[in-house]
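Q: So the protein sequences, as listed, match chains A and B. Heads up: the first sequence at position 181 corresponds to 180 in numbering that gives the first Met the number 0, and the numbers run straight through without jumps. Heads up: the second sequence at position 153 corresponds to 152 in numbering that gives the first Met the number 0, and the numbers run straight through without jumps.
Bear in mind the hints are in silico, worked out from the structure with no lab data behind them. Do not take every clue at face value.
[To be verified] In the EDC-like style, the derived pairs of lysine to aspartate or glutamate whose C-alpha atoms are separated by at most 20 angstroms in a straight line are: (1) K177(A) x E51(B); (2) K177(A) x E13(B); (3) K177(A) x D12(B); (4) K179(A) x D11(B); (5) K179(A) x D12(B).
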Amino acid sequence: MARQVDTADLFVQARAGDGRAWGELVDRYSGLLWSIARSYGLNEPDGGDVVQMTWLRLIERIDQITDPGAVGGWLAVTARRESLRTAQRRGDRRLPYDVHELPYDVHKRSQSPPPEQVLLARERLGDVGAALHALPRRCQVLLRMLALATSYAELAAALDIPIGSIGPTRTRCLDALKRKLAP
Amino acid sequence: MNGMNDPDGMNDDELLARLRTTFEALDPVPAGVLAAGRSALAWRHPGGSLAELADDHNRPVAGVRGTPVRLLTFTGSGVTVELEVTGTGTTRDITGRLVPAGPAHVRVRHPARPDHTTRPEHAARTDTAGQFDLADVPEGLVSLIFSLSDATSIVTSWVRL
Numbered sequence: 000m001a002r003q004v005d006t007a008d009l010f011v012q013a014r015a016g017d018g019r020a021w022g023e024l025v026d027r028y029s030g031l032l033w034s035i036a037r038s039y040g041l042n043e044p045d046g047g048d049v050v051q052m053t054w055l056r057l058i059e060r061i062d063q064i065t066d067p068g069a070v071g072g073w074l075a076v077t078a079r080r081e082s083l084r085t086a087q088r089r090g091d092r093r094l095p096y097d098v099h100e101l102p103y104d105v106h107k108r109s110q111s112p113p114p115e116q117v118l119l120a121r122e123r124l125g126d127v128g129a130a131l132h133a134l135p136r137r138c139q140v141l142l143r144m145l146a147l148a149t150s151y152a153e154l155a156a157a158l159d160i161p162i163g164s165i166g167p168t169r170t171r172c173l174d175a176l177k178r179k180l181a182p
Numbered sequence: 000m001n002g003m004n005d006p007d008g009m010n011d012d013e014l015l016a017r018l019r020t021t022f023e024a025l026d027p028v029p030a031g032v033l034a035a036g037r038s039a040l041a042w043r044h045p046g047g048s049l050a051e052l053a054d055d056h057n058r059p060v061a062g063v064r065g066t067p068v069r070l071l072t073f074t075g076s077g078v079t080v081e082l083e084v085t086g087t088g089t090t091r092d093i094t095g096r097l098v099p100a101g102p103a104h105v106r107v108r109h110p111a112r113p114d115h116t117t118r119p120e121h122a123a124r125t126d127t128a129g130q131f132d133l134a135d136v137p138e139g140l141v142s143l144i145f146s147l148s149d150a151t152s153i154v155t156s157w158v159r160l
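Based on the sequences and whatever the hints tell you, model everything.
A: The structure is reproduced here in structure tokens:
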């Protein structure tokens, strides 16, 4: 597998005007930013606004960023602030994100009968989905961010918790998920 | 972020990969959101001096029939931009003031417009008091750009109207 280009390098290339590097940065981080917005209970239009606003904020400050290595954490913090602002404007107190609201029934998403391989994949997804469903919200959010963040620093920024508390919480939530998945 | 193996043979990294796939299937980032992120690069304005949002509040409404007025203040190096925003439907009316006052051309930037152009009513000139009016600005993400007579420019940070 090709070695991933470092985020700091991508950022520096994008700042120098490389549109491809910018696109890669957007592809790499939009999932995390989207998850942060969703963790604040935002719907699709509001969540989309948060992600777009986060990228526009990076662009407006692109020449002032002094530590390219910290861009991932900067994006996560910015998305969290924008999400909070949007949630407050909506008067929405449902914090954080509730996985119960997701379209869990992945089996119903296709009209035509999918190939067996796809069915098997969905079966497995369904297992993880059902197991997540049974976990406390805190763990649902943490596991989603954990799966997407590229470092503990980003994870701490996304969740707004001290970096030192991630290890124990991570272990607890992963163990709880494994117990739910156990046959 | 490596973990220990667990009894059924799946280690933490494999489990996290499955989680990632699961969330991507259940709640994917909409394609339009990714496209908007990619196109954000086009909104870079090199050399523009950034005026950041310093205050955002609603003026208390007097009487039940009063219309709410949102007051926004942006501050940058030696410059302040004050905006009064009214309107609650799909468009907003903006009355603004540039301090210190000076001749400037004001333009609304609106990323919902793929062609990056603005209709004539979304551009204005400041008067001698630094004031300007922008009518029927579509709601959504907005940034103002001021082109000054000395060829420098001021850009406000993005805000949702």
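Q: Taking 20 angstroms as the top limit, are the C-alpha atoms of K177(A) and E51(B) close enough?
A: 46 angstroms, violated
Q: Just to be careful, I want the Cα atoms of K177(A) and E13(B) compared with a cutoff of 20 angstroms; is the pair within it?
A: Roughly 12 angstroms between the alpha carbons, so the hint for K177(A) and E13(B) holds.
Q: Do the alpha carbons of K177(A) and D12(B) lie within 20 angstroms of each other, as the hint requires?
A: Holds, because 13 angstroms separates the two Cα atoms, which is no more than 20 angstroms.
Q: Taken at face value, is the distance from the CA of D11(B) to the CA of K179(A) at most 20 angstroms?
A: 15 angstroms, holds
Q: What's the verdict on K179(A) and D12(B), does the C-alpha distance respect the 20 angstroms limit or exceed it?
A: At roughly 17 angstroms apart (the allowed maximum being 20 angstroms), D12(B) and K179(A) satisfy the hint.
Comparing the model with each earlier hint shows a violation of hint 1 alone; every other hint is respected.
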